[in-house]
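*Asks:* This is what each chain is made of:
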Amino acid sequence: GNSVTQMEGPVTLSEEAFLTINCTYTATGYPSLFWYVQYPGEGLQLLLKATKADDKGSNKGFEATYRKETTSFHLEKGSVQVSDSAVYFCALRDGNTDKLIFGTGTRLQVFP
Amino acid sequence: KAGVTQTPRYLIKTRGQQVTLSCSPISGHRSVSWYQQTPGQGLQFLFEYFSETQRNKGNFPGRFSGRQFSNSRSEMNVSTLELGDSALYLCASSLVGLAANEKLFFGSGTQLSVL
Chain A
148 GNSVTQMEGP
158 VTLSEEAFLT
168 INCTYTATGY
178 PSLFWYVQYP
188 GEGLQLLLKA
198 TKADDKGSNK
208 GFEATYRKET
218 TSFHLEKGSV
228 QVSDSAVYFC
238 ALRDGNTDKL
248 IFGTGTRLQV
258 FP
Chain B
141 KAGVTQTPRY
151 LIKTRGQQVT
161 LSCSPISGHR
171 SVSWYQQTPG
181 QGLQFLFEYF
191 SETQRNKGNF
201 PGRFSGRQFS
211 NSRSEMNVST
221 LELGDSALYL
231 CASSLVGLAA
241 NEKLFFGSGT
251 QLSVL
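So the protein sequences, as listed, match chains A and B.
For the first sequence, my numbering assigns the number 148 to the initial residue and increments by one for each residue that follows.
For the second sequence, my numbering assigns the number 141 to the initial residue and increments by one for each residue that follows.
A hint or two may mislead.
Stated by the list, open to error - Pairwise CB distance ranges, derived in the manner of DEER restraints: (1) B:241 <-> A:186: 17 to 27 Å; (2) B:149 <-> A:242: 19 to 29 Å; (3) A:161 <-> B:153: 40 to 50 Å; (4) A:256 <-> B:192: 41 to 51 Å; (5) A:165 <-> B:156: 15 to 25 Å; (6) A:152 <-> B:240: 21 to 31 Å; (7) B:193 <-> A:256: 27 to 37 Å; (8) A:200 <-> B:180: 23 to 33 Å; (9) A:198 <-> B:193: 24 to 34 Å; (10) A:167 <-> B:243: 20 to 30 Å; (11) A:155 <-> B:193: 18 to 28 Å; (12) A:217 <-> B:150: 40 to 50 Å; (13) A:217 <-> B:180: 44 to 54 Å.
Derived by calculation from the structure, the hints in this document are not laboratory data.
From the three backbone atoms N, C-alpha and C, an ideal C-beta is built for every residue, glycine too.
The whole structure should be built from the sequences, with the hints applied where relevant.
*Replies:* Okay, structure coming up:
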């Protein structure tokens with residue numbers, strides 16, 4: 148079945164460091180891909196999305212490119228801030244069932 | 141515009157009891173979906189309701205059920221609680237639902253602890 152695999156956390160970085168959180172997926176067809184972020188004590192918020200191969204989603208300095216050849220959707224940011232500390236979830240929408248399938252989440256901790 | 145509201149924020153129950161969680165979507169949103177979040181499994185899809193009808197269902201036992209009212213508010217019920225049901229339960233709302241790839245708006249969740 149369809150699935151999403153994320154790198155395990157926590158990822159610990161200093162402020163202004165470069166961030167990569169890896170995400171790979173297994174799916175039939177052409178799923179839509181998403182990154183959601185969950186700040187402490189809050190629900191999830193959509194960070195960015197891409198709906199077809201080679202699309203790049205971007206928001207708040209974060210970017211991710213839909214790579215069909217490597218079945219990946221890695222999240223990147225050039226310079227992280229303390230306020231980026233949160234849990235990041237990669238997800239796909241199953242094109243057959245419309246269900247959202249999430250990865251297990253990666254906790255990012257940014258220190259000043 | 142008010143966000144997605146989930147009540148209660150915290151619940152403590154014992155094994156064998158049942159529990160009902162509530163979710164009020166953003167005004168105008170007709171789709172409500174529910175998710176279970178645990179440290180080991182991440183987020184898992186429970187079900188989606190649209191216009192009072194269940195449109196999609198995840199792989200959970202029949203002890204997990206839900207419904208949606210005419211005002212789009214949704215409730216989720218878990219009967220015969222087990223220790224493994226301890227989790228953060230999140231609901232999300234959107235205008236027309238998961239099939240449209242539209243943005244989901246999540247509530248802050250209900251933290252259920254089963255003792």
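*Asks:* Which hints, by number, does the structure contradict?
*Replies:* 2, 5, 7, 11 and 13
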